[in-house]
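Quick note, the sequences are listed as chains A and B, same order.
Position one of the first sequence corresponds to residue 1 (our numbering), numbered consecutively onward.
Position one of the second sequence corresponds to residue 120 (our numbering), numbered consecutively onward.
Bear in mind the hints are in silico, worked out from the structure with no lab data behind them.
On a predicted model such as this, the values are computed, not experimentally measured, just so you know.
Please note that the accuracy of each hint is not assured.
[What the hints assert, rightly or not] Calculated pairs, DSSO-like style, for lysine-lysine (alpha carbon to alpha carbon, straight line, at most 27 Å):
#: 1; chain 1: A; residue 1: Lys66; chain 2: B; residue 2: Lys458
#: 2; chain 1: B; residue 1: Lys458; chain 2: A; residue 2: Lys68
#: 3; chain 1: B; residue 1: Lys458; chain 2: A; residue 2: Lys70
Chain residues, written in single-letter form:
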Amino acid sequence: MLFIEDEGYVIDRVQEILKGFPQFVVTHTAMVDEARKLLEETAFDVVVTDIYVRGVSGLELLHYAKEKNKETCVIMITGVDNSDLAAKALKEGAFDFVIKPPALDRLSNILKLVALVKP
Amino acid sequence: MNDLTKKKSAPEKKSATPFPSAGAPTIESFLEPIKIPESENTGPLEPVVMPASSPNKASSERPISRKDRQRRDEAAARAAERPFRELDAQAREVYARNVSIAKELLNQAGQPYIEKYERIVRMAELNSQTLFENSLFLGYTNYATADNYLYAHSANVAIISQAIGMVMGLEKSLVNFLGFCAMAHDIGMSDYAEMVSSAERLSDEDYSSVMFHSEVGAAKIGRLLDMDYRLKERAQKVILQVHERGDASGYPNSLMNEEIDILAQIVGIADVYEAVSHPRPWRPAIHPHTAIKRLIDREEKGFDSKVIKAIIEVLSIYPPGSLVALSTGEIASVIKINKGSLTRPVVAVLLDGDFEPVSTRLIDLMEHPLKGIERIVEESELVARNPNFAARQELARWWVEW
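Between the sequences and the hints, there should be enough to build the whole structure, so can you do that?
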């Protein structure tokens with residue numbers, strides 16, 4: 001799994017949630033360039049990404065991920081004010097998204113579903 | 120009477136067909152288990168009718184090309200714009216025909232001669248078309264019939280099987296043949312009528328005799344007068360194999376993976392899903408989400424992963440009819456699946472967070488990013504929180520002729 005996020009408190013919270021899913025081997029990066037490179041090199045099963053990482057749209061990362069492996073489950077993390085963008089991401093193939101910070105816990109529900117579909 | 124045929128003659132739909140139009144279907148194409156497109160193997164089964172023009176080769180190997188898929192999605196999107204009421208009325212009408220055909224077939228199965236094949240295939244054609252253009256149709260498979268559960272069961276398994284066949288990219292005529300096999304898969308059960316309606320779980324002895332229904336059913340296919348004998352052979356094989364499982368745990372012959380006809384695998388998984396998600400006289404239904412989860416978790420053993428994947432694509436993780444709680448606390452029922460999304464269907468909000476009825480409204484969770492499905496609501500919870508509403512819901516799932 002690739003986790004792309006640059007905001008400190010979200011990273012901490014998500015890392016904590018991910019501890020409950022030892023079956024996912026997690027690579028984390030806060031750098032967009034590194035994320036692009038990783039997505040080009042590796043077909044990740046799951047990608048969790050912020051919808052904005054240092055000014056770059058998560059939609060772009062979604063496309064990279066899907067290009068490499070169209071079965072990838074991409075989960076977007078978004079702010080309340082970016083929810084329209086999240087809806088767009090869904091239409092372009094994102095698996096689902098969570099809204100930070102109050103609803104971050106929903107990530108664990110979504111990951112449970114992902115774990116089901118990706119045994 | 121024969122308005123089925125009338126209905127289906129809508130030639131202007133041709134360009135939007137969900138299936139490839141790679142030449143006319145031949146009987147031969149039914150006779151052997153087909154390879155599904157991913158396997159890239161068209162080898163010896165392909166009747167050599169295609170003039171070997173290489174640019175077309177790719178599209179003949181992959182029954183649904185990207186373009187076709189796109190066209191299909193666009194058509195589906197267009198259809199989605201039709202008003203809800205119109206779609207619902209059409210879905211209801213087509214479903215009613217399915218139930219009455221299933222009823223006729225099962226009731227006449229005891230006669231020495233049956234003439235039903237052509238009619239059922241016409242029905243299957245209409246099902247394919249309706250699944251393609253009417254996203255509410257699949258939700259009708261939640262209905263159950265009270266007088267004999269096999270009526271709705273046979274219709275539901277046919278519709279779900281066809282939907283699976285379509286997402287797997289099976290050829291059009293094969294999907295319709297699949298619909299026939301699914302509709303007829305329990306034809307052998309008509310010999311066990313008193314057990315079907317029994318409110319008690321079967322004894323071991325009864326159970327082992329019911330296990331013969333696959334054989335009885337396969338034999339009954341022989342009585343269909345209006346069916347080509349070569350088609351009969353494959354249909355008999357499929358019906359005989361519906362309870363076979365890839366890990367050899369099935370019956371009657373404990374076959375392994377590739378020995379089981381792909382159509383039998385499809386009917387098999389649709390059969391299991393339908394059975395556990397619907398009530399039976401001797402047990403209640405389980406939540407559709409739990410039913411699909413069991414398939415994914417492989418608690419129902421021996422299904423091939425490509426068939427599991429296909430049924431998830433058809434029904435998603437929250438199948439139509441699932442009662443769920445939204446992130447707003449409201450209680451809603453899943454009405455239709457949004458293609459490509461496993462977790463964000465269209466739902467009808469029925470109750471508020473305190474389980475008090477509200478005026479029903481539809482929410483497309485794809486369009487409302489701030490709302491989502493939080494958890495499933497079990498019937499027991501509904502009964503505890505709002506028994507009147509639970510009773511109404513329970514009544515509403517029984518199909519009533521009108």
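Hints versus structure:
Restraint check for A/Lys66 and B/Lys458: the C-alpha separation of about 17 Å stays at or below 27 Å, so the hint holds. Note on B/Lys458 and A/Lys68: the hinted pairing holds, with a Cα-Cα distance of about 21 Å set against a maximum of 27 Å. Simply put, B/Lys458 and A/Lys70 have alpha-carbon atoms about 15 Å apart, close enough for the 27 Å limit, and the pair holds.
Of the numbered hints given earlier, the model fails none.
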